[in-house]
Structure formats: structure tokens, C-alpha cells
Amino acid sequence: MNKELAIRVEGLSKKYTIGKQKDGSLRSSLGNLFSLKNSNSENFWALKDVSFEIQKGDVVGIIGKNGAGKSTLLKILSQITKPTKGRIEIYGRVASLLEVGTGFHPELTGRENIYLNGTILGMTRKEVKTKFDEIVAFSGVEKFIDTPVKHYSSGMYVRLAFAVAANLEPEILVIDEVLAVGDGEFQKKCLGKMQDIANHGRTVLFVSHDIETITTLCSKGILLDKGTIKEIGEIQNIVRTYTDHYQDSFKIWEHDKRPGDNIIKLNKVFIVDSEQNQIYQANIDQKFGICVEYEVLEDDVKPAPNYHFFTNTNTYCFVAILDTEILSKGIYRAITWVPPHLLNNQDYRIGVAFTTQKNVHIHLYEKEIISIKIIENKSIRKHEYGGAIPGTVRPDLKSEIKKIN
Amino acid sequence: MQTKIIDAESSRIIPNFKELYRYRDLFLTLSWRDFRVRYAQTSIGLLWAFLQPVITLLILSLVFGRFVGVKTLVPHLLFTIAGMSIWTYFSYVMANSGNSIIASQEMIKKIYFPRLIIPLSKAVVGLIDLGITLLILIILMIYYGIVPSSHVWLAPFFILVGMIAALGAGIWLSALTVRYRDFQHVVPFIVQIGLYITPIAYPAEFATRQLPKWAAALYYLNPMAGVVQGFRWSLFGGEAPGNLFWVSLVMVLILFISGLFYFHKVEDDMADYV
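Chains H and Z, in that order, give the protein sequences. Counting in my numbering, the first sequence tops out at residue 405, every number present. Counting in my numbering, the second sequence tops out at residue 679, every number present.
Among the clues, some could well be false.
[Stated by the list, open to error] In silico EDC-like links for lysine to aspartate or glutamate, alpha-carbon gap of 16 Å or less:
(1) H:15 with Z:412
(2) H:268 with H:234
(3) H:131 with H:142
(4) Z:409 with H:293
(5) H:82 with Z:412
(6) Z:409 with H:295
(7) H:268 with H:295
[Claimed, not checked] Take a look, some chain H residues computed to stay more than 12 Å from chain Z by CB distance:
(8) 89
(9) 137
(10) 321
(11) 360
(12) 373
Just so you know, these hints were derived from the structure itself, not from any lab. Virtual Cβ for every residue (Gly too), placed ideally from N, Cα, C.
Let the hints inform the model, and build the full structure from the sequences given.
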């Protein structure tokens, strides 16, 4: 079959200016105008000279570490932001799903939000109307369709939101890791729907950390690293390169390359959710565990794990020093739970060390060996502020307010 | 088949009206959302929205009508409510539209649609309040036994011009606020000054009579000066607005069209700044 072109990207680059960007005051702009010296801003290339072509009907997985430029690429393809350099040709209507429930309003009912969200995603009211029953059935919230969504549980909210987006019928569908929210069963349903879309000859671009999903769903892959394309081609090859060199949500060592000394060797580090499924990102209100598997090579030793948390901007957040019992030879697995509402919604890099604390002996320290992305569903915030919240941690503090006069 | 070219080098200078039209349903849905949300609010909140203009109206009428003794063609209260109705609509739309892009930043960062839809959609919800004020105006006209002038058919035209003026100012402010957050503080300032430099509680001739010719022309650089004067003339008749009135109308067009162009210029980068 002679395939047609769906997307052509040529020399795409995107520059962000760090430091100056958020400070949009008139005074600073006027200041820049009148002073010749450059302000202390720094340029950061999120994407650099990226070129590729995607054929109609391809399902393409875009993979890379946190911060490799995946989201920036999707944002440019969905026209949310403009490239600094380069050119893109897109043949067909694009629908992008970078977040479920964009524009949902808590005061409006489910029914009203379907219309609202549908038109924001580019459908006409008429199109929404013809799809309405399908959307409601898919979401499974029939009973509450005329209830304001502020009374919905976060699961219901996400289901309704995905149902709207899943029933769009664009020629090209661009999806960021939106499926991370929602329960397992619903995730399966969503993946089934995406498979369905792909089977109908439509083009899908899909960003995910979930290698399993990517391999089952996608036929082609693009591997990004530090804003450039490392590899492009058949998904199996891409995934192999990624897991060999770039994967950072978990780490497995070959037997003779394991870090450690003659007392302990580290086999594996990964992150799990409360049901001990392996994950790469966690919701801000969800606990997660750092799981290490290691081999103890001597009897009567006491090597204990410690974890070093850093932000993506290299701020040292904290160290968690754990205790352990006296161990005998054998292979162990330790899970350390990080409570919900401790970390902020950003990427963290975690270093793993094993030490015997009594004589301060460091058996191994793998710096920033894995990363975790903390995500947040803003609709379930308990306060009304909707903007970004800075800080290396984000504890959920309680206050007692009493009238005293 | 829809084909789209995104090119960093070339950028259109003319706003894309065709695309705007394609998204007309979004305009309707957003307008209707604002309407629903406004009326889903508590009745106290709604009451508050009316209390403020009503008190302003009474104060203006007391100060200008009683204390200063401004002579008007129709009873001063009626005279002022006519001006206030369209002025309040203007300031409501300007403020909401001016703040709209910042208020919708979550949406802007996550999905593409013509950004202009957001400030434009703010013009509709204000019409409800305007309608209620006009109803009070009509009741007062009946109470005072005032017959509308023969130009009353022009009243909707002046409301439309008022809407365009409000959107012009709102579009400018919404685009400027994205880059320079300071502009958020400009709106209350404009509203406060505007209340006095617009002929709301006094006839425009009061101002122009006191001023030299060139300064009178400056007075009409305020787009709402002509709109308020024209609207009131269409209701109550009297002396037709003079030549300077056209200065205001031209200003409305300049404000609106330049706003469209400026907005278009910064539209592409909005997601990076909000």
C-alpha cells in the first residue's frame, strides 16, 4: 500500500528563556530597553534541530527521559506554542490530548461539561450532540450526568474527561501521558479505545514512560534525548535502545556490572505504587515506594539503604536514612514508602546508597540513578488557587481557624 | 483534507478570521458557560454585582443632580441611569475580557484554539446585566412619563459600538497582561477615571463648553464619550451630537482593529508566558 504523509517536521527547534520568562513586569522590560547590558537570563533549547516524517496510519511512540523534550514536541505539534526555528507540515485535523478535562468547570453539570470540553477540543456542538450518548456510555457516569462535576470523585471526573476526548474523530491524535490518572480497569478501556483509533487508519502520536503500553500500541518509535532525536524507526529497536541506555524510571544491572563491594551488590532499583506495581510517575496524593533488590554476600552484616532526593534543577531536597536488621547471605528486596503530599508536582532524581552506619562505611552510592515524576490532578485541590506552586516539597498542612474576637 | 503549515520563519500579519469563524461554537459554549457560572453563584453574589452600580448611580445623581445642580433634558436620575447602563456594560466587559487570558491559562497551556475567542466571549454575559438595567430605565421612563425620541431605533447601534469599544480595550488589555502583569492594575484605574471623563452624570456640552476647541477634541478621544452621548441622544433626543462625536467613533474602530492586530502578534507565544 502506498502510504501518504501525515506529518513532516524539518529542523525544528524550540528555545526557552529561563529566568526572565516569568518576570513579566513592565519595569523590567523598560529596563532592558534602556540598558545595553544583557539581563541575566539563560537560553535553554528544549528541542534542537529535530526532523522526521510520519506516514498516515502510523502509531508512533515518543520516548525519552523526563526532560528530553517530549512534551515540548507535542505542544508544538498541537500548536500550543510556536517553534523558534523550523517548519512543520501537518496533513489532517489534529486533536491533542495533553491533559484530560481541559476547561472543565466544577460548577457545571457533566452534560454541560461534555459540550464545553468537546468544543474546546475543536468539535462543533452538533458533533458533540451526535456523539453524546456514546461519550456518556463510555464514561460510565450516566447517573450523575446532570450533577455538577464538583461533586464527582476524581475517578469519575477523569473517566468523563477521557470519554469526551476519546470520541473525537481526528485524522491525527496527539496524546501525552494522560492515562496515568484513573484506575487500572479504566486505563485498559482507554488503551482499547486508542488501539481502535489506530486500527481505523488514523495517525497517533503517543508519549509514555510505560514501555509495555508503547510496545503493544505503537509500530514506530522516536527516541528523544536532551532535545535531539537519538533514534527513529521500528518500535522494538527504539525500545531496546531506550531500556539499554536511557531508561531511568528503573535500573537493572547485569550480574557482573552490579555496583557494590564484597558485602553487598545492588541488582535492581525501581518504583512501585501501593499495590507494588511498577510505575514511573505518581500522583501527588498517592504514596509510592522505592524498591531495591540486592544481594548480601556475607553473614552478620548491617548494610542499610539511604535515598538522596534531588530536583531536576539539582537542588538537594533531603536524604532518607533507613535502618535494617542484621542480615545473613541471600537476596533481599526492600521497599521504602514515600508518603503522599510530601513531594511537589515535578521531576525528582533519586540516588541510592547502602551504608553500614556504625562505622560509617559506604558500600555503594549510585547518584541520581532513577527518576520519578510527580503529577497532580489540579481539579482535586482543596484550595481555590489554580496556578503553579513552587517549592522542592509540598506538604499538605492543616490549619485551625478560630474566631477570637 | 485540512493541511496546516507551521513555520517559525513566516508569520501572518493578518488575524485568521476564517479559523475564528470555524470555532464559533466554542465562542457560544464559552459565553454560555460564563452565563451559567454567573447565575450558579449565590444570590448574594449577584446582588452585590448590582449593588455597586446602583449605589454609584445614586451618588452621581445626588452629587451632580442635587449638589451641583446639573440641568438636564430629562430628570437627572433618568439621565444618569442611561449613561450608567452602557458605561457599566463597557467596564464589565473590558475588565473581564482584559483578565480573561490570565484566567484561562490552564486551558491555554494544554490545548490549541484561536485565543481571541476567550476575550471575545466575555461580551455576551454582560448583556444580561445591561438588559436588566435597561428594563429599570424603561420603568423609570414610564414613571416620569418620558416618550422615547424618534431616533430610538439607533439605540441598539450605540450598544453595539459600546460592545466593540469594550472588546477593543479588553483585547488590548488581555494581550498586554500576558506579557506585563502590571496591566492588571490598570483596569480599576481606567474605570474610575472613565466614570468622570465620560459624560455620564452631566451632558457632554458641559465639558466641551469649558474647553478650548483642541481640548474638546481631546475629550472625545475617549471612545465612550461619544457612545454614551449618542446612546442617550437616541433615547431622549435633544441636541444632536456635534462633529466631535465622530472622533469617538473613529477611536472605537482604531482601538478595536489595533487590538486585533496586537493580539494576533503575541498570540503564538501566549502559552510560554502565562
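These are the hints, each one checked on the structure:
no.: 1; hint: H:15 with Z:412; verdict: holds, 15 Å
no.: 2; hint: H:268 with H:234; verdict: violated, 28 Å
no.: 3; hint: H:131 with H:142; verdict: holds, 14 Å
no.: 4; hint: Z:409 with H:293; verdict: violated, 50 Å
no.: 5; hint: H:82 with Z:412; verdict: holds, 8 Å
no.: 6; hint: Z:409 with H:295; verdict: violated, 56 Å
no.: 7; hint: H:268 with H:295; verdict: holds, 10 Å
no.: 8; hint: 89; verdict: violated, 6 Å
no.: 9; hint: 137; verdict: holds, 22 Å
no.: 10; hint: 321; verdict: holds, 38 Å
no.: 11; hint: 360; verdict: holds, 47 Å
no.: 12; hint: 373; verdict: holds, 17 Å
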